[in-house]
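Full structure from sequences and hints, please.
There are 6 protein chains.
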Amino acid sequence: PNKVREIWASGGVVKNGWLALESTMAAEGMASVGWDSCTVDLQHGFADELSARQLFQTIGRFDCTPMARVAWNDPAKIMRVLDDGCYGIICPMVNTPEDAAMLVKNSKFPPQGERSYGPQRGLLYGGADYAAKANETIINMAMIETREAMSNLETICKTDGIDGIYVGPSDLALSLGHLPAGVPTNAEVVGAIEEIVRRARDCGVVAGIHCGSVEMAKDWIGKGFQFVTVYTDFVAMVTKARENLTALNE
Amino acid sequence: PNKVREIWASGGVVKNGWLALESTMAAEGMASVGWDSCTVDLQHGFADELSARQLFQTIGRFDCTPMARVAWNDPAKIMRVLDDGCYGIICPMVNTPEDAAMLVKNSKFPPQGERSYGPQRGLLYGGADYAAKANETIINMAMIETREAMSNLETICKTDGIDGIYVGPSDLALSLGHLPAGVPTNAEVVGAIEEIVRRARDCGVVAGIHCGSVEMAKDWIGKGFQFVTVYTDFVAMVTKARENLTALNE
Amino acid sequence: PNKVREIWASGGVVKNGWLALESTMAAEGMASVGWDSCTVDLQHGFADELSARQLFQTIGRFDCTPMARVAWNDPAKIMRVLDDGCYGIICPMVNTPEDAAMLVKNSKFPPQGERSYGPQRGLLYGGADYAAKANETIINMAMIETREAMSNLETICKTDGIDGIYVGPSDLALSLGHLPAGVPTNAEVVGAIEEIVRRARDCGVVAGIHCGSVEMAKDWIGKGFQFVTVYTDFVAMVTKARENLTALNE
Amino acid sequence: PNKVREIWASGGVVKNGWLALESTMAAEGMASVGWDSCTVDLQHGFADELSARQLFQTIGRFDCTPMARVAWNDPAKIMRVLDDGCYGIICPMVNTPEDAAMLVKNSKFPPQGERSYGPQRGLLYGGADYAAKANETIINMAMIETREAMSNLETICKTDGIDGIYVGPSDLALSLGHLPAGVPTNAEVVGAIEEIVRRARDCGVVAGIHCGSVEMAKDWIGKGFQFVTVYTDFVAMVTKARENLTALNE
Amino acid sequence: PNKVREIWASGGVVKNGWLALESTMAAEGMASVGWDSCTVDLQHGFADELSARQLFQTIGRFDCTPMARVAWNDPAKIMRVLDDGCYGIICPMVNTPEDAAMLVKNSKFPPQGERSYGPQRGLLYGGADYAAKANETIINMAMIETREAMSNLETICKTDGIDGIYVGPSDLALSLGHLPAGVPTNAEVVGAIEEIVRRARDCGVVAGIHCGSVEMAKDWIGKGFQFVTVYTDFVAMVTKARENLTALNE
Amino acid sequence: PNKVREIWASGGVVKNGWLALESTMAAEGMASVGWDSCTVDLQHGFADELSARQLFQTIGRFDCTPMARVAWNDPAKIMRVLDDGCYGIICPMVNTPEDAAMLVKNSKFPPQGERSYGPQRGLLYGGADYAAKANETIINMAMIETREAMSNLETICKTDGIDGIYVGPSDLALSLGHLPAGVPTNAEVVGAIEEIVRRARDCGVVAGIHCGSVEMAKDWIGKGFQFVTVYTDFVAMVTKARENLTALNE
Ligand SMILES: [Mg+2]
Ligand SMILES: [Mg+2]
Ligand SMILES: [Mg+2]
Ligand SMILES: [Mg+2]
Ligand SMILES: [Mg+2]
Ligand SMILES: [Mg+2]
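Protein chains in written order, with this note's numbering: chain V, 55 to 304; chain Y, 55 to 304; chain P, 55 to 304; chain U, 55 to 304; chain R, 55 to 304; chain E, 55 to 304.
Among the clues, some could well be false.
Copies of the same chain look alike in the list, so a pair counts if it works inside one copy or between any two.
To be verified - Derived pair list, reagent style SDA-like, types lysine to any residue, alpha-carbon separation capped at 25 Å:
1. K57 / L299
2. K277 / N189
3. K57 / V237
4. K159 / A130
5. K187 / P234
6. K159 / A246
7. K277 / L299
8. K187 / A235
9. K187 / V268
10. K187 / G276
11. K277 / A185
12. K187 / T239
13. K272 / G181
14. K57 / E297
15. K272 / A130
16. K212 / L299
17. K187 / H232
Note that these hints are calculated values from the structure, not bench results. Bear in mind that the values here come from a model prediction, so they are computed numbers and not experimental data.
Okay, structure coming up:
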């Protein structure tokens with residue numbers, strides 16, 4: 055069972071916690087809040103593969119799907135987190151249907167893919183039928199974050215084994231020629247995101263997005279996104295600390 | 055130079071960041087916010103002595119006094135953080151003037167104390183005159199957090215080498231027979247804190263306090279506290295994450 | 055709730071896994087086997103306090119009481135593991151009723167003891183009522199492992215707050231003038247252990263023992279022990295590896 | 055000198071210990087048992103590159119060839135473990151002669167390959183003539199674990215610089231359309247392994263295999279394998295722990 | 055601002071410290087000596103990506119440009135150190151203009167490259183205008199260390215976004231058919247280095263070199279190199295320790 | 055066997071390497087130089103107990119006695135390093151014969167002391183007869199570094215189980231009222247050291263000393279010291295790096 059799949063199946067919206075910090079206590083604190091899933095960020099976050107495993111182990115006692123944003127669409131990197139019991143992959147820079155097919159190849163056992171077998175923690179977390187069930191349990195989300203990806207959106211979404219897409223607004227902004235912003239206000243960027251969610255849903259895949267505020271997340275949920283993240287644990291900490299210091303200084 | 059000493063000398067209030075997380079990124083995030091000092095909590099926080107050193111190294115580039123709350127009034131533990139360039143000790147459970155004298159003995163080189171010499175990072179951080187200046191630079195704050203400590207408050211405060219006291223409201227509440235609360239409302243606890251700050255100031259030492267909210271901190275600043283902490287980096291993160299999830303679910 | 059307490063209350067025997075290895079994967083492997091409790095050994099094992107926390111976090115998803123054998127009857131060391139969600143303390147070298155009283159003082163909040171408050175992971179693991187429930191939930195086992203302890207056995211067992219004793223056969227053998235052995239066969243040592251379990255049960259506390267083999271554990275269960283450990287995860291690994299190599303070489 | 059090469063030269067069988075755990079104590083325990091070689095598994099095991107170095111350092115005092123199964127046939131990953139004094143590479147998913155040639159290119163200095171120079175620990179472990187001797191000392195084993203690899207077996211084995219092959223039965227089973235099993239019983243899988251060892255030996259390279267039991271290893275030794283592994287340190291620990299708990303519960 | 059750029063702009067020579075050790079104390083010790091830049095070696099050094107970040111954090115308080123020699127010309131590896139506030143990349147094995155263009159693509163945000171956005175520590179270290187300034191601040195040095203690279207030297211140097219080259223004498227020696235030497239004396243190797251510096255300067259890029267002694271560095275500075283490294287922190291330690299032991303034994 | 059004991063028995067001088075750095079590569083580099091013993095400094099050095107074990111494991115392959123300077127004369131701290139295979143204790147601040155007796159009690163199994171049994175790595179390193187041989191193999195050196203210690207020198211040296219003393223010149227200087235200096239020139243300090251070595255030898259124990267230069271070490275060897283250390287690995291690195299940068303700048 056995968057809570058994210060279940061929420062999607064019922065038409066609901068997944069609220070995802072984002073784990074940038076490499077601390078197991080930070081991870082347990084995040085999971086305790088009640089996110090439907092928690093995603094360890096191995097691209098721009100601070101954990102490495104060894105500490106990521108400990109984060110997965112820590113959040114294992116919560117009713118929260120363990121996911122990872124990998125650093126690259128690379129078989130060794132994707133295999134590593136899946137071995138460690140990760141149930142969902144968010145893969146950056148999926149710009150072509152070939153990239154999407156590569157993601158599926160990297161994340162599924164034969165015959166659907168070429169993932170190598172040896173999931174020691176996968177077996178502990180998933181149980182004895184892990185090998186038989188993994189291909190249908192684990193989720194693949196392709197990040198749409200370049201102009202090129204937008205031009206290939208339909209073929210990416212229709213790639214067999216892709217469950218959803220995830221919008222990276224900062225990289226998308228840069229790719230479209232604008233500076234990144236936590237909450238995009240540039241019309242071209244906002245328009246692109248609107249186009250992505252509409253077309254993803256038309257293709258029958260779930261759309262997710264990384265948000266710089268709660269308001270942004272709620273706006274995009276209103277437009278059809280079913281998987282939202284509000285910045286990261288690290289940014290939450292810094293934001294609250296800054297609010298507190300500012301208030302103390304007033 | 056020690057920023058905390060300078061602020062106190064000018065009659066100001068030190069806003070202290072509290073580092074519970076063992077992550078160097080969390081520490082850098084906290085220091086970047088602009089706290090006057092940052093205190094690594096080796097008692098109830100998550101760092102150990104080795105990672106504490108890395109936290110001190112990380113915050114070394116900010117204009118922020120590096121401090122530690124040690125786990126115990128123990129010569130090896132106090133020597134360790136001082137060796138690593140810590141410029142202020144917050145020592146738990148100082149209940150008697152003997153405890154206070156022990157803290158001074160543990161934190162000062164001869165002839166004022168019996169701290170052992172070998173401050174490798176102290177020399178890198180403090181400079182070549184570290185040995186000559188350490189005893190006057192480093193701050194000692196004694197935690198007042200039991201009924202016994204209150205009954206010895208004056209002799210603790212007047213112990214030579216004690217610069218300030220730090221109130222631990224949760225332990226104080228327990229010692230007085232009440233459940234701990236982030237923001238104490240119990241009249242006996244609140245009354246005790248009022249008594250502490252008044253008497254500490256009468257003795258000529260600075261009073262500090264651990265607070266469960268900005269409002270609590272501002273209230274106590276109004277009553278004479280010159281060193282305030284608003285919970286921890288960890289609690290800041292969890293608080294903000296919970297606020298965000300709650301808002302998403304509304 | 056504490057599974058160990060519940061088993062004892064029903065008159066059953068706790069099968070305890072012993073975590074010497076500092077690896078979170080080793081801990082998850084051990085917990086997955088189904089031990090009623092798992093004890094992180096901070097005295098002769100390989101974890102330190104920071105990695106011990108990660109072991110507690112890892113085994114948190116199993117129905118298995120998290121326990122620790124601390125390195126010493128020291129308030130800072132006992133506070134540390136309790137803060138991290140440990141629900142049972144096995145304390146070495148409890149040789150006198152004063153030692154036993156010190157253990158209780160170190161492990162219980164006021165008014166029963168002097169444990170300092172700040173259980174961040176305790177709250178995540180134990181829930182919001184942790185402060186109110188900790189004193190009755192957490193277990194204290196005093197190690198009886200010297201001739202002196204035997205001479206004080208009754209007063210140790212009757213110390214308020216002591217829930218059980220744990221026999222350390224190797225140190226007991228050394229103290230009685232014999233070489234340590236995983237499975238003691240020396241008559242004086244065996245006789246001493248028989249005396250300990252009989253008198254502990256007479257005092258109304260549970261008896262536990264560290265065993266060098268399954269057979270030894272079953273023998274002692276037959277004589278009234280209700281808490282048994284069969285060596286360690288590390289010894290299990292080495293034993294099996296040696297069996298395998300020997301069989302390959304035959 | 056490389057003990058594995060020497061055993062092979064004398065027609066003997068190498069008994070290889072498999073290090074999945076990231077713990078240096080686990081590694082020292084394994085090496086102490088007397089394996090001819092110990093292989094750090096960087097593909098499905100738990101160490102990362104930094105901890106792998108510490109495992110190599112730890113086993114350095116034993117008469118045991120240090121080897122690594124790398125995560126991927128990648129120049130940076132292979133260079134890393136060789137720099138750290140590893141004397142044998144087991145490379146996964148060598149499916150074509152091009153893959154085999156890439157492995158050789160990645161593991162040998164010019165002119166035989168393109169390995170980059172900078173073996174700090176290699177020099178400490180191997181001595182001052184490390185640069186001159188490394189290409190002839192270090193072993194390359196290509197993993198044969200797909201249908202494609204079987205179809206290219208001869209050209210892989212005859213690739214200059216390949217010393218042996220290593221069968222991965224689980225991935226081979228998956229590739230052939232069957233579920234993985236620690237001890238394969240599926241006739242197609244068993245038949246494939248028989249074919250591999252026969253043809254490898256015909257090509258003049260050593261054959262190795264990963265086994266799920268001692269019996270399996272002995273069977274395959276009987277059919278010509280000269281390098282056998284019996285599961286992992288982690289599986290040894292869990293297996294023994296489970297045996298013990300089961301026996302306690304009987 | 056980037057101290058290395060500024061020194062180059064003034065026609066000066068950068069003295070670079072090389073961090074092989076994974077220890078934050080070693081890094082702080084090195085930075086304290088006064089190097090203009092310190093380079094974390096992720097190819098042949100001992101840090102991994104997580105510890106590299108802590109090294110960058112540690113040296114952040116010194117007036118010293120943080121640089122990295124990455125393990126490979128790989129987008130994920132280059133992105134990682136840049137995210138962590140690294141201001142200069144030394145990239146091994148740049149053998150063709152395509153390799154050089156790939157380095158630029160990996161290290162610059164669009165539109166100059168394809169670096170993905172998410173520089174959490176970059177923002178803390180570089181400030182709020184990091185995104186706007188990074189492409190012009192960060193330095194790219196291509197390692198020239200093969201015969202092939204020499205044959206493509208001009209096109210590599212003229213690749214847009216390449217600021218300098220860095221000679222790896224050991225790999226260059228191996229590629230030219232000679233054994234590596236800390237201080238090359240082989241005429242072909244020395245001649246090749248002379249050719250490289252001359253042609254690099256003709257192309258308008260800075261030349262740097264890794265040296266086995268102070269004398270070697272001074273010689274090459276005399277021939278136009280503007281960026282020199284004298285072995286590593288690790289070699290410095292071993293060299294001095296050996297000098298001391300030898301002197302004791304005399 | 056203990057190389058240090060053997061050298062002393064033959065009237066020779068032990069040249070001891072001092073490991074301040076927490077890096078296993080630094081430790082292997084130091085041990086490779088050929089010191090008779092290497093001492094992990096857990097008082098003023100950078101390793102903690104867990105990393106100290108890895109340093110002991112790393113140097114285990116060299117003919118070099120593993121020693122530790124513990125942070126305090128504390129049973130848990132001394133037991134920890136001995137469990138990990140350390141063969142010599144240097145204990146700070148032994149000021150009285152009671153301190154000396156405590157050191158012996160902490161470091162020897164019954165009946166000579168009260169060390170608790172459980173030396174997992176001791177058994178791997180020392181062999182099956184470890185328990186029987188440890189008390190006679192392991193060395194105890196008491197640090198003489200205060201005026202009080204000097205006044206008790208004879209009773210300290212004659213304490214049963216004390217094998218030698220180790221002079222800490224910096225703390226001794228502070229205790230005598232002078233600033234610490236790597237190479238003491240103050241007449242009172244120098245005179246005190248001369249007195250210590252003379253009286254220690256009269257009592258029949260070996261004298262050791264921490265030195266700030268090779269010259270200082272040779273001078274003191276000439277006056278009877280049989281165990282000398284020349285600063286630390288960390289200071290060696292910084293010293294050499296500074297020499298190199300200075301030479302580059304000339
Ligand atoms: Mg992105
Ligand atoms: Mg408190
Ligand atoms: Mg014991
Ligand atoms: Mg495989
Ligand atoms: Mg090179
Ligand atoms: Mg000293």
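With 25 Å as the alpha-carbon cut-off, assign the pair K187 and H232 to within, between, both or neither. Result: close only across copies, 14 Å inter versus 43 Å intra.
With identical chains, the pair K187 and P234 could be close in the same copy or across copies; at 25 Å between alpha carbons, which is it: within, between, both, or neither? between (39 Å within a copy, 13 Å between copies)
First find the shortest C-alpha distance between K212 and L299 inside one copy, then the shortest across copies, and answer within, between, both or neither for a cut-off of 25 Å. Neither, since 49 Å and 31 Å both go past 25 Å.
Up to 25 Å CA-CA - A185 versus K277, copy category: Neither way: K277 and A185 sit 37 Å apart in one copy and 29 Å across, limit 25 Å.
Up to 25 Å between alpha-carbons, please classify K187 paired with T239: within, between, both or neither. between (42 Å within a copy, 21 Å between copies)
Evaluate K57 and L299 at a C-alpha cut-off of 25 Å and name the case that applies: within, between, both or neither. between (38 Å within a copy, 17 Å between copies)
For K277 vs N189, is the C-alpha pair at or below 25 Å within one copy, between two copies, both, or neither? Classified as neither; 30 Å inside a copy, 35 Å across copies.
From the Cα coordinates, with 25 Å as the cut-off, is the pair K187 and G276 best called within, between, both, or neither? neither (33 Å within a copy, 36 Å between copies)
When no copy is named, should K57 and E297 be tagged within, between, both, or neither for a Cα gap of at most 25 Å? between (34 Å within a copy, 22 Å between copies)
Alpha-carbon proximity between K187 and V268, which holds within one copy, between copies, both or neither at 25 Å: neither (35 Å within a copy, 29 Å between copies)
When Cα atoms must be at most 25 Å apart, do K187 and A235 count as within-copy, between-copy, both, or neither? For K187 and A235, the Cα distance is within 25 Å only across copies (15 Å; inside one copy 40 Å).
Identical-chain pair category, K272 with A130, by Cα at 25 Å: Result: close neither inside a copy nor across copies, 36 Å intra and 32 Å inter.
When the structure is compared with the earlier hints, violations turn up for hints 2, 3, 9, 10, 11, 13, 15, 16 and for no others.
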